[in-house]
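Since the structure of chain W is provided, determine the placement of chain A on it from the hints.
Number of protein chains: 2
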Amino acid sequence: MQFQISDEIIEHIQTLIREGKDAELQLYLEEVHHADIAEIIDELELDEATYIFKLLDSEKTSEALMELEEDMRERILDNLSAKEIADELQQMDTDDAADIISELSEERKQEVIDQMEDEEHAEHIVELLRYDEDSAGGMMAKELVMVNENWSVTGCMSEMRAQAENVTRVHSIYVVDDKGKLKGRLSLKDLLTAPSKANISDIYIPKRDYVNVHTEGEEVARIMQKYDLEAIPVVDEMGRLVGRITIDDVVDFIRDEADRDYQMAAGISEDVEADDSIWHLTRARLPWLVLALLGGMVSVTVLGTFDAALAEHQALFFFVPLIAAMAGNVGVQSSAIVLQGLASKSLRGSLMNRLLKEVLLSLLNGMALALLLIVGGVLLLGFDFWFGLTVGVSLVSVIIIASLIGTFVPIILDRMNIDPAMATGPFITTSNDIFGILIYFSIAKVILGF
Amino acid sequence: MQFQISDEIIEHIQTLIREGKDAELQLYLEEVHHADIAEIIDELELDEATYIFKLLDSEKTSEALMELEEDMRERILDNLSAKEIADELQQMDTDDAADIISELSEERKQEVIDQMEDEEHAEHIVELLRYDEDSAGGMMAKELVMVNENWSVTGCMSEMRAQAENVTRVHSIYVVDDKGKLKGRLSLKDLLTAPSKANISDIYIPKRDYVNVHTEGEEVARIMQKYDLEAIPVVDEMGRLVGRITIDDVVDFIRDEADRDYQMAAGISEDVEADDSIWHLTRARLPWLVLALLGGMVSVTVLGTFDAALAEHQALFFFVPLIAAMAGNVGVQSSAIVLQGLASKSLRGSLMNRLLKEVLLSLLNGMALALLLIVGGVLLLGFDFWFGLTVGVSLVSVIIIASLIGTFVPIILDRMNIDPAMATGPFITTSNDIFGILIYFSIAKVILGF
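Taken in order, these protein sequences are the chains called W and A. The first sequence lines up with residues 7 to 456 when you count with the numbering used here. The second sequence lines up with residues 7 to 456 when you count with the numbering used here.
Next comes chain W alone, as it looks inside the complex (with noise of 0.2 Å):
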């Protein structure tokens, strides 16, 4: 059942197009889905890509336009006129439109909405226009079926057949009372049993799960998920029901977060992909790495501030990368930890408790790595004991005060409404380097006495 693409696809639709056999085209794209289309366009030349959206006809060409790349769409749309747009827009729900508009210029945007036929249709785009794209408002639908709590049942089916023709799964039936104020809502089976002179008002289930328009997505898509819902009513600040979200737009922005917080624990501090270009993958890459030169360069002050101890103890500074990497490894696993719970709200108890079981937790792991340390450098390379003893303790103080950092930058970072996905990899890690090469050279000092 499964299309793949393949280069050989790729090159009979563009010998197609090449040779103008827009028949064959037609016929051969008819059976693909929307989502391969899309897959199939993001592979073509712009001029290529452009002759197919010109070519279908812009019910397909609007769902494919929702999953393209979004450098292709944009090339894309800057060869279709305003009218062609417009067109586009005519056939997709208000949310997808809106997020299509919402990458135009200001110009082009208005030059679009003036060129739509449908003025409601144009109206609820521009109302979505308004809000955050990542609040409930920015991601919600205008589509949705809903009924006054005074009408009767009989009244309240004709109503909802006219109104289903415009959305394309119904999930729920939303009860508003005459202020057009969210009061609950009926399931289609629950319409369906009830007595038809019944009015609404007696069968519907009372409201319960809703967001309000500025509800973060995070949020929104903690809501779906925890009580597993399948769409959700949105309310303005006067309770007012004012669209839907539905679970499909929240699994995209649930895998997006993740993409995005993957990326930023790696160090990459704009949503790329491998087959971008190399200046928008540069331009992700580089200034984390500049963080990271900056702090390498502050970490060769830090050592050169000890060079007194070179002459004597060389072995120290052959250990200065083994102190540094465990000191950033344990930064980047605690802050992920930390990160995690943060982000589904699942971090609860005092500070105090988790900073006494950070500190035991890396006393563990600290001991036990020391003394495979000291086991291995003392016993079997022969090294000093009081230098294998300045290494160990180093590495259980580096160990600890590293996985402190790691916890408590991301949680101050989250409650200074600062996203604390900020204070993972490279940060931490950078940051670590530097204090792990502080202390181990102060324990040194002390114990080796330079």
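Treat the hints as calculated values from the structure; they're not laboratory data. Treat the hints with care, as some may be off.
Since copy identity is lost for identical chains, a pair holds within one copy or between any two.
[To be verified] Derived DMTMM-like pairs: lysine to aspartate or glutamate, alpha-carbon spacing no greater than 25 Å straight-line:
hint : residue 1 : residue 2
1    : 232       : 215
2    : 66        : 53
3    : 213       : 37
4    : 351       : 36
5    : 232       : 76
Structure of chain A alone, referenced to chain W:
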């Protein structure tokens, strides 16, 4: 609308339990969503948690059971009799019941299954237990609405109503032939608008999206996400419809996978949360630290072989942590991008092109960074030119090698069918530390000559 767990709520419930106010407790918990009950129970002592489980009816507790943290669930199940567990399972969908039962010991499993009253439900669960839990068979539920292609619309309607009783969310009505082979699906809308004398075979939509019982969970998630599916049917080797997977299970799967990849990249080898026991957390973190320690020992040895340089070129050693840190950071960046490409199957094109691109990209990044370092070092800090050149050339070389390792180790592992996520974090940083130091001193030897 949101329930927010707090210390007051926990204490209130603990007081009610202690004072044996069962009626009040039941009344209080009746209003609370099962996902929130699970959150409360996770915070209680085992005897309190068990008390609540025995107090509430199994319709409510069975749903809460699914949402509990694994530790707590395991301990509560230990406290329940086989009959009590069987009652809980009776209330659950088959996929959830199979997940729970697979956590029990072999002996206990048998006892619980023997105690189940609904033979068919038990048989379904036993069938699901056969599949690997990360396969479509292990994720699917047996609950679905299925009609025969030869039925009439009228006959279908009544049969469907009966079946829908057991299915929480219908999504789609699946159409099979006399042998039970999946033929396609019907929407409720189609069924309602079709002439009542029509046969199902005239109106169904031929099958398109489905998976096999052995399809991997990751692939199921990818397909459902790509095609925006809310449910997907699962067929056996004979093409017979045996179950279906709904989007809510896939959402959990995606989140779990993302968490696991993130933790793996951070050097955490088991699925842990910040609130897990110290022992559990240590076990998850220590193995990677031991690996990093052993890697560190190798770098100590490598540095030791260059001790001849120490007397003449002290400053060389001061730059070791900088070089190692850059190698580590670049490696993690490259591997993260490749890993995401592998996971989403969006990596296309030849290895040679990827190699050229990665070299070009690192050359760009490396030259920018080396320039910064040389200008800073020679002009501002007064380095010797040859020394600055050594560090600069090393930096560019190390960045290129590190990015090649970060790019190709995951690709090679993936081709060998080993999880490429293994190759992120500590593994990449540690090996790049070693290679970085080796390259740095080799270049220094050539330029500075020692």
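Taking the hints in turn, this is what the structure says about them:
no.: 1; hint: 232 <-> 215; in the structure: within (11 Å within a copy, 27 Å between copies)
no.: 2; hint: 66 <-> 53; in the structure: within (19 Å within a copy, 58 Å between copies)
no.: 3; hint: 213 <-> 37; in the structure: between (42 Å within a copy, 13 Å between copies)
no.: 4; hint: 351 <-> 36; in the structure: between (46 Å within a copy, 24 Å between copies)
no.: 5; hint: 232 <-> 76; in the structure: between (30 Å within a copy, 16 Å between copies)
The earlier numbered hints are all upheld by this structure, with none contradicted.
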